[in-house]
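Asks: Starting from the structure of chain A, add chain B where the hints point.
So the sequences go chain by chain: A and B.
Each residue of the first sequence is one higher than the one before, starting from 1 at the first, in our numbering.
Each residue of the second sequence is one higher than the one before, starting from 1 at the first, in our numbering.
Derived by calculation from the structure, the hints in this document are not laboratory data.
Watch out, some of these pointers could steer you wrong.
You can't tell identical chains apart in this list, so a pair holds if it fits in one copy or across any two.
Derived SDA-like pairs: lysine to any residue, alpha-carbon spacing no greater than 25 Å straight-line [stated by the list, open to error]:
1. K89 x C244
2. K176 x D199
3. K25 x A155
4. K176 x H290
5. K248 x T33
6. K248 x K267
7. K208 x G90
8. K327 x P172
9. K267 x Q23
10. K327 x H183
2 protein chains.
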Amino acid sequence: MAELRRDPIVGRWIIVDTDHPSQPKDYEYDPHTWKGGACPFCYGNEGMTPPEIDAIREPNTAVNTSGWLNRVVPNKFPALQIEGSLERKGIGIYDMSNGIGAHEVLIDSPYHNKDIPDLLNEEVERMIALYCRRSCDLMKDKRFKYIMLFKNFGAAAGASLEHPHSQIIALPMVPKNVMEEIHGADEYFDYRERCIFCDILRQETQEKERIIMENKYFLSFFPFVSRFPFELWILPKNHAPHFCFMPKEEIPFLASILKDTIGSLRKLFPNMPYNFIIHTSPANGETAAHEGYHWHIEFMPKLTRVAGFEWGTGFYIVPTSPELATKFIREVQN
Amino acid sequence: MAELRRDPIVGRWIIVDTDHPSQPKDYEYDPHTWKGGACPFCYGNEGMTPPEIDAIREPNTAVNTSGWLNRVVPNKFPALQIEGSLERKGIGIYDMSNGIGAHEVLIDSPYHNKDIPDLLNEEVERMIALYCRRSCDLMKDKRFKYIMLFKNFGAAAGASLEHPHSQIIALPMVPKNVMEEIHGADEYFDYRERCIFCDILRQETQEKERIIMENKYFLSFFPFVSRFPFELWILPKNHAPHFCFMPKEEIPFLASILKDTIGSLRKLFPNMPYNFIIHTSPANGETAAHEGYHWHIEFMPKLTRVAGFEWGTGFYIVPTSPELATKFIREVQN
Chain A
1 MAELRRDPIV
11 GRWIIVDTDH
21 PSQPKDYEYD
31 PHTWKGGACP
41 FCYGNEGMTP
51 PEIDAIREPN
61 TAVNTSGWLN
71 RVVPNKFPAL
81 QIEGSLERKG
91 IGIYDMSNGI
101 GAHEVLIDSP
111 YHNKDIPDLL
121 NEEVERMIAL
131 YCRRSCDLMK
141 DKRFKYIMLF
151 KNFGAAAGAS
161 LEHPHSQIIA
171 LPMVPKNVME
181 EIHGADEYFD
191 YRERCIFCDI
201 LRQETQEKER
211 IIMENKYFLS
221 FFPFVSRFPF
231 ELWILPKNHA
241 PHFCFMPKEE
251 IPFLASILKD
261 TIGSLRKLFP
271 NMPYNFIIHT
281 SPANGETAAH
291 EGYHWHIEFM
301 PKLTRVAGFE
311 WGTGFYIVPT
321 SPELATKFIR
331 EVQN
Chain B
1 MAELRRDPIV
11 GRWIIVDTDH
21 PSQPKDYEYD
31 PHTWKGGACP
41 FCYGNEGMTP
51 PEIDAIREPN
61 TAVNTSGWLN
71 RVVPNKFPAL
81 QIEGSLERKG
91 IGIYDMSNGI
101 GAHEVLIDSP
111 YHNKDIPDLL
121 NEEVERMIAL
131 YCRRSCDLMK
141 DKRFKYIMLF
151 KNFGAAAGAS
161 LEHPHSQIIA
171 LPMVPKNVME
181 EIHGADEYFD
191 YRERCIFCDI
201 LRQETQEKER
211 IIMENKYFLS
221 FFPFVSRFPF
231 ELWILPKNHA
241 PHFCFMPKEE
251 IPFLASILKD
261 TIGSLRKLFP
271 NMPYNFIIHT
281 SPANGETAAH
291 EGYHWHIEFM
301 PKLTRVAGFE
311 WGTGFYIVPT
321 SPELATKFIR
331 EVQN
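Just chain A, same shape as in the assembly:
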């Protein structure tokens, strides 16, 4: 019989298929493929993007020319625009606002064909350091209530360009899903005076059934209430609400666990498309100080298609349990 599991943070139920669990070979996904044509994120094509916002560069190289190691540019087709002030209005029963915000692209490295697991540790560290720098910079703008960092890799995961890149969006309001997670963590904290993410960390470390790897500052694991097969989280061991204020000494540890975790999963699923999202506390205003919140990364390999049932209910059917996923990943880790 299947198992129903309830997310302790937001209350979502999932159905784990324990009768006919899917093996890695059962997933037919669209692998990540490289297209031809001039790439706006490669050396020599800097003129194809809007002027850069930030970059980490080789010494003596000029802005908007080659020689960069990491480069940040505005999204050419931004979902939101940086200029102007936020104006809200109502139309009958509907609320609306103009589209103020920021939408930037962080080019992960100069290499068109290298994703995170193919980079050197120091290259991944640089990428993460720039994630922090851009987040902290955008948090200074009082119009923004939430800074979201995420990466889509592969067309099936929603990437429109092939060259590996991440994105950052600054939003004028805290999105619903984030708010729910924060409310859930706050409620738990108010009642127990403990952080729910710290409790998850403790229980996972004790049970050892779903751990992928760990180091001094981070744990990567398949969560008990995964929504997707092989969904995984990377959780900092030290409690902290904001990603971008991470102590500098933790960055190399995040870089290595991110690189090695994706690398292990890629052994099971070659060229898998994926998404990851950095979940962090809101940026400004009264909703900003959530001491019960604990930043983390949610990583979802794009192995299945989401159907009507999941959309309608928020009730996910998971064909491979996180415990079984752990067995599969341990086989390729050895």
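Replies: Just chain B, lined up with the frame of chain A:
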């Protein structure tokens, strides 16, 4: 500049791209294609499915043989199982339950190659009458708190078999997304003593900017806060919480608006995969009587892939506004 719009029921924000709106030709979706091989939902193959639960049949035809017009069978690989009693338990901070429920497949018609717009009106009416009959039957089981009816059409929308079919799942708890919608409607109703769906109906009928079609009992329209391009709703004009108690005289009107609305959309997007879900009030127990709730159908053509940003935030980017979608559909309606 883009427009931000807020869902008046659940509080979700969406971003409508008004700067570079997508035209129907800009959507590259995977069209629905037919595979070969024996189809378990075709005449003569009744033995390939588990024994039938219900059917509408030609006179003098035997159970589990050909001659049926509509047929209901248990899902061969059910997400949940009908036998047993619900047992909940905790594991540390996690809650779980065994997988009690029902999971049935409703074969829409004997025709492998005909979907709803290709059927006769009376054939669609029969399909809907059977939807109601199965829903009402499952509602009698006190273990079930929610009955969800939905359809996945096409592999890209999550269908695993090609022959057009719908599904019904009976759940031992009210799913999170449904609960949120119900809470939103209840709050609005408590404060204003009016149903929010009735208010939406009034405003849409007045503004006429997003209406696809209407008849005596139903309205189909592109909602102001669509999450997906060309997402549409079918809303009954008479306020009622439960789909399955729909008066018999309304069924032909629902059949014709469903058939014609999908038919119009299919002129814009040939062979489009899609999902629809019937949103209705919970089944049993204290959460059942929601006088402020109003059943309806949410229909989503599967034209885009959902990426990390949407998953992480519940903040959807909509490349074609519902107003523009209305213009496009009116062109093919004439």
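Asks: All the hints need checking, so say for each whether the structure fits it.
Replies: To see whether the hints hold, each was checked on the structure:
no.: 1; hint: K89 x C244; result: neither (32 Å within a copy, 38 Å between copies)
no.: 2; hint: K176 x D199; result: both (24 Å within a copy, 23 Å between copies)
no.: 3; hint: K25 x A155; result: both (21 Å within a copy, 19 Å between copies)
no.: 4; hint: K176 x H290; result: both (16 Å within a copy, 23 Å between copies)
no.: 5; hint: K248 x T33; result: neither (35 Å within a copy, 52 Å between copies)
no.: 6; hint: K248 x K267; result: neither (30 Å within a copy, 56 Å between copies)
no.: 7; hint: K208 x G90; result: between (51 Å within a copy, 18 Å between copies)
no.: 8; hint: K327 x P172; result: neither (42 Å within a copy, 30 Å between copies)
no.: 9; hint: K267 x Q23; result: within (14 Å within a copy, 39 Å between copies)
no.: 10; hint: K327 x H183; result: neither (33 Å within a copy, 40 Å between copies)
Consistency with the previously given hints fails for numbers 1, 5, 6, 8 and 10, ordered from lowest to highest.
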